[in-house]
Amino acid sequence: MNKTQIGTKESQLYNMPYEIVIGLEVHLQLNTKSKVFCGCSTDFGSAPNTQTCPVCLGFPGNLPVLNRRALELGAKVAIALNCQIAKKIKFDRKNYFYPDLPKDYQISQFDHPLAHHGKLAIITGETEKNIRIRRVHLEEDTGKLFHQKDSSLIDFNRCGIPLLEIVSEPDMNSPEEAYLYLTALKSILEYLDVSDCNMEEGSLRCDANISLRNKGDKELGTKTEIKNMNSFKGVRLALEYEAKRQADLLKKGQRIIGQRIIQETMLYNTEKGITEPMRSKEEAHDYRYFPEPDLVPFDFEESLLNDIEKNIPELPEPKKNRFIKDYLLSNYDAAIMASDKNTANYFERCAVLYGNPKTITNWIMGDISAYIKDNNVSIKDLNLKPEHLSSMLKMIDSGIITGKIAKTLLMDVIQTGKDPEKLVKEKGLEQISDIGLLEVAIGSVTAENPKSVEDFKKGKDNAIMFLVGKVMQKTKGRANPNKVSEILREKLKGAK
Amino acid sequence: MMELNTLTAHTLIELLNKKDISPIDICNSIINKIEKTEKSINALAHFDKEKALERCKNLKEGVNKGELWGIPIFIKDNISVKDELTTCSSKILKGFKPPYNATVIEKLIDIGAVLMGKTNMDEFAFGSSTETSCYGPTRNPWDLERIPGGSSGGSAAAVAGDEAIFALGSDTGGSIRQPASLCGVVGLKPTYGRVSRYGLIAFASSLDQIGPITKDVEDAAILLKAISGYDEMDSTSADVPVPDYVSCIKKSIKGLKIGIPKEYFIEGMDAEVKSSIKVAIEKLEELGVVCEDMSLPHTEYAVSVYYLVATAEASSNLARFDGVQYGLRTENIKSIIDMYKKTRKEGFGDEAKRRIILGTFALSSGYYDAYYLKALKVRTLIRRDFNEAFKKFDAIVTPTSPTAAFKIGEKTNDPLTMYLSDIFTISANLAGIPGISIPCGFTKNNLPVGFQILGKPFDEETILKVAYNYEQNTDWHKRKPTL
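In order, the protein sequences belong to chains L and F.
For what it's worth, my numbering labels the leading residue of the first sequence as 17, then goes sequentially.
For what it's worth, my numbering labels the leading residue of the second sequence as 367, then goes sequentially.
Careful: at least some of the hints might be erroneous.
Under the rule of at most 20 Å between Cα atoms (straight-line distance), these lysine to any residue pairs were calculated in the SDA-like manner [what the hints assert, rightly or not]:
(1) L:Lys165 x F:Met705
(2) L:Lys165 x F:Lys740
(3) L:Lys243 x L:Cys213
(4) F:Lys740 x L:Asp127
(5) L:Lys474 x L:Leu508
(6) F:Lys740 x L:Phe126
The following residues of chain L were derived to be distant from chain F, with all beta-carbon distances above 12 Å [claimed, not checked]:
(7) Leu79
(8) Ala263
(9) Ile273
(10) Ser346
(11) Pro373
(12) Asn378
(13) Ile448
Per the computed footprint, the stretches of chain L lying under chain F, defined by three or more beta-carbons under 8 Å from a beta-carbon of chain F, are [claimed, not checked]:
(14) 66 to 75
(15) 80 to 94
(16) 115 to 125
These are computed hints drawn from the structure, not numbers from a lab.
Since the model is a prediction, treat every value here as computed from it, not as a measurement.
Glycine included, every Cβ here is placed at the ideal spot set by N, Cα and C.
Okay, chain F solo, but in the shape it has when bound:
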């Protein structure tokens, strides 16, 4: 029997339709792979094979089985699954099982997807390397000495390492696209408001979006379609029709106009990455796309703006982890203040504390105007850059990350350098626009490189179409790590 765990969802759907295989076959092949490689990758935060098999067996049969019937999926540990551990890879949410499903989970269950388990992540999605998890770092399947990117590093590594068919991640500043790029898979951050955030444990509410991490572009289209749409439980979700992405992506991209922003080809950027992107752009031109150099003038402020806006919101969003109702509560407490202090001291890791303090400071009276308010103003300028650009261009192409995967521990003591790994992905979150990262090459060390396609708000079709056309004319996505 072929190794089903290595296949894409759309291939498996075909096989299931032909009744060549059963959902249990897929599930078993995933379990086998996990038993072989999970010890070395550590991509999963919570996984119970018995439960997974149970869910497979309980799938409803019949005509209306749903588009993802029998397809297993892994979920990032910050997305709520009813009565299942949902901990954001943080000690402070130890043992927390929400009594509700995130809207995306409800949607997936409705169409027959099989929930397998939760993937590892940077604590509360604070990070670009999946090293800040309380469950230990996830390793990159292409090189176990290296990080998989983050914060959805568990999802990306599981997909790249064939422990998962596909997975959900969340992206606040690049947390889907950057690990997808570093693991050689496809990652898509939808337009802000495209996917309901209900049940996603918030990092930065105005930036967070849930999105797919998949083995190819078609799967990204399938999964995006499955989770998108207006949700009355999320006031920030948009009442915009969801197109049939799969049929859109196969159309020609001839004549599309694509902007190449000069601010995204900076000094200090890895030369191999740079040349891979150049080659990818040439490929796109070969396919009939018109590429043109352009400028997004406020790009240089994006990282600063992001680390003020995101941490400010995070400092407030994470206040509720106080030991009162759920999660960790420290023993031996003298007073309520004592409980807050000890619980949060013990429960949060260093990076979480760093961001809470940074955000609290940015919102403090006397500093608010200089930091938070100014950041909001510059955020508007960054958004305006894109609005202007999209008057002329159908999409924008950039590198996803300035480097390929770095070594575990390499940047943990240097948060600022770490923050720069999101330099190319952050602007899309600030502007609320969609972005996709797809594989476009490998370094000499056999590490994947990806490039990013950014699109107009609610125009995921175009970026998926460009990505699909590129992918169908290259072989990068077919390479597998040897594990």
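Extracted from the complex, chain L is given alone in its bound form:
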């Protein structure tokens, strides 16, 4: 969850004499209820071709009618990315033949995108870097092809789902920066609640342009475009592979004629971890863009834009600053707590219920984060609710349970979803502070470890820690370690 903060260790990639230049194109399905130009549902996972109508199937005589909600969501993203929003909304046709495109043209935006000139900050190590956003535009998604032995099938359910294309400038200089850009973008998009942002389901797709140039050069080198990556990690791996491939070609090209980078589209092969040329027989596309005559350009009302702007929630950057101020978190902790919406909500809910924010961040960034990562779940879906964590932390503070027990208890709650206080009672996990009970345990430990007792008596203070540990073991972690240490010292001192 906190990858935005961690820089990749130096690898051979960063020792090469070239500068890597990367630009990303992100396609985002907006989570409107209905499609962008008709009333069909946008639900994911329905039976093929059940969410279609003559409009999205491109039947002759049918006309698109813009779903204003899609435009509003698009504008929301554009505002959050600090873009300038177009005053006039205009659509264009992008013409090309393909069976998943029923009209054989896609309604998109060409020379007047919804928004342009934005920026998105990423944090690389200690420093912040702005990645410029070239343009953000609205278009319709295509259908999906399923290739069989002798034929292909088409599912048009996806056809006409609103897509927002977010194009960055080539401002990223490493696969890691590309990864950080995507993570930061996703974080904002989740805050805005405009998309499911699920790369596996295809609600977020990313194509990458990459080229190399000699360090210090101003001209861009020959680029390739990489497609077919289905995770953020995949984007980073594909770019790392492609950067090395290009570097090798550039190196060879100095000696061997014909060895050079060709401007082409590469597909990332996830299984092999390599990029391969698409080898499409199609010739270079001339999309013959022209203004969509079925949709009349219109002014984007100032008042509507103001409304959208007002309804944008607190985004990661201002939230981080507020966390520093309100909860006295360090910059690092605050950035991680604010980096994604669910974590931030979780943290803040805990902070309301329980007094010590720093302790909360330690738990979230420690055991909870580890569990989330290992099990690939979201913090918001955990059985361990903020109420549970808070009551657990309170039990530690009031000496009811030990920190050690708390770690086990945490996993118990995550597994069962039971109330931690009840679990403590059911399983008898309360901390033992009763001196009588503790003395019994201490008695048997000292009897079983005469050597350590001797060592302590000879002045080896460390030996006491070993004995405390043994008592904890005997009480299954429930003993109050401070009390045990106190009693032990008292007892052994007396015996000296």
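Put chain F on the given structure of chain L with help from the hints.
Relative to the frame of chain L, chain F by itself:
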């Protein structure tokens, strides 16, 4: 019994109201006429008399029967009628039955009109002669050796030949007005946005409008009223109130100012046509209209602009006929590209291919600026010409077509000459303004001549009023072809 098929809709409505006749009587008289003359005219693309009679019998009775209750109507083959063949007279849409009605069809059914069948047209409305139809050419009822005009030639010929009371056509560059003129009937192209295009299979989306082809001006007013109005299914339709045209048209035209643009009286124009128009203008002056010569300076570019804008849009609109979902798909295909190529090669006629290629070229990178973009700019100039003119004039009068009906085959090998038959009608589409063509004479060969009245955007009232007043003081519309 009188021949009901020869009457106008407003006359039939009166007879129906008096209960002198029934919808079945009208339907039967149409069927009789079709059985007599359709073989020689070939005005219809799809017609099933049993279905037509069935629809007549199923008409709902009662008080709220609707303004066109029991009146039969024919529809151009590019307007979608649910579960009925709608093929644009093209092989590529062979067998296509849309699962929806065009908005105009919904409106007509709602007010009790009886759908009779579909009329022949130039393939995808590409043409001025109805010769490019996959169902063979339609013939002009006034002279079977001649074309009826196009592309709504089937609708115009059916109305002129009394196979139809009235019909719907579509007009992208003159496709309602030019055939109306050549067949001696009334044809009106409404303001762009006045009538919903939902369900009209697009030729050029920024130019297309559906409109009436009728036997007289009053019927044009009735039918226009029936199909007009804002439609939320068509973003280009305009939310402008629709007046009661029938009551408007009967008002006086005294004192109206009408412009006569000098660019519309060109060399090479048929002398008989020219003199008919001159006489018509004199008639209008007699009726109290003030006619004045004027200029629409960018007229000479209209044909060039039109053939870039219209073909560019058409090349994109017709891309969907690819064999994937509906219509024709060629057998024995090796790949998807092979399917596209063979299906489109087999499915489209020569003129459709010519226009698709022309439009594709105009939009291609490297040519876009020089052709399409420049055409858009000149289109703005043409629109501005009209805006300026309408500051001074209430309407503009011109010939509808430079010639009367020409012979079948006469221009098929010369597309450029063919394109010039739309020279007087194209500008109205580029400017989005309404225009009407009404009969104003005959040539020595007994071929009809029409003249065109152009009006301000959304001011169909004025052009209908001028047309009505002229018509009521002349007899041209009363003549019938002998068939």
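Hint by hint, here is what the structure shows:
1. L:Lys165 x F:Met705: Between lysine 165 (chain L) and methionine 705 (chain F) the Cα gap is close to 17 Å, so the pair holds against 20 Å.
2. L:Lys165 x F:Lys740: violated, 48 Å
3. L:Lys243 x L:Cys213: holds, 17 Å
4. F:Lys740 x L:Asp127: holds, 16 Å
5. L:Lys474 x L:Leu508: Holds, at roughly 11 Å.
6. F:Lys740 x L:Phe126: Holds - the C-alpha atoms of phenylalanine 126 (chain L) and lysine 740 (chain F) are around 18 Å apart, at most 20 Å.
7. Leu79: violated, 5 Å
8. Ala263: Check passes; 33 Å lies beyond 12 Å.
9. Ile273: holds, 31 Å
10. Ser346: Answer for serine 346 (chain L): holds, closest chain F Cβ roughly 53 Å.
11. Pro373: Given a closest Cβ separation of 52 Å, the condition holds.
12. Asn378: holds, 56 Å
13. Ile448: holds, 74 Å
14. 66 to 75: holds (count 4)
15. 80 to 94: holds (count 3)
16. 115 to 125: holds (count 5)
Violation of the numbered hints given earlier is confined to hints 2, 7; the remaining hints are satisfied by the structure.
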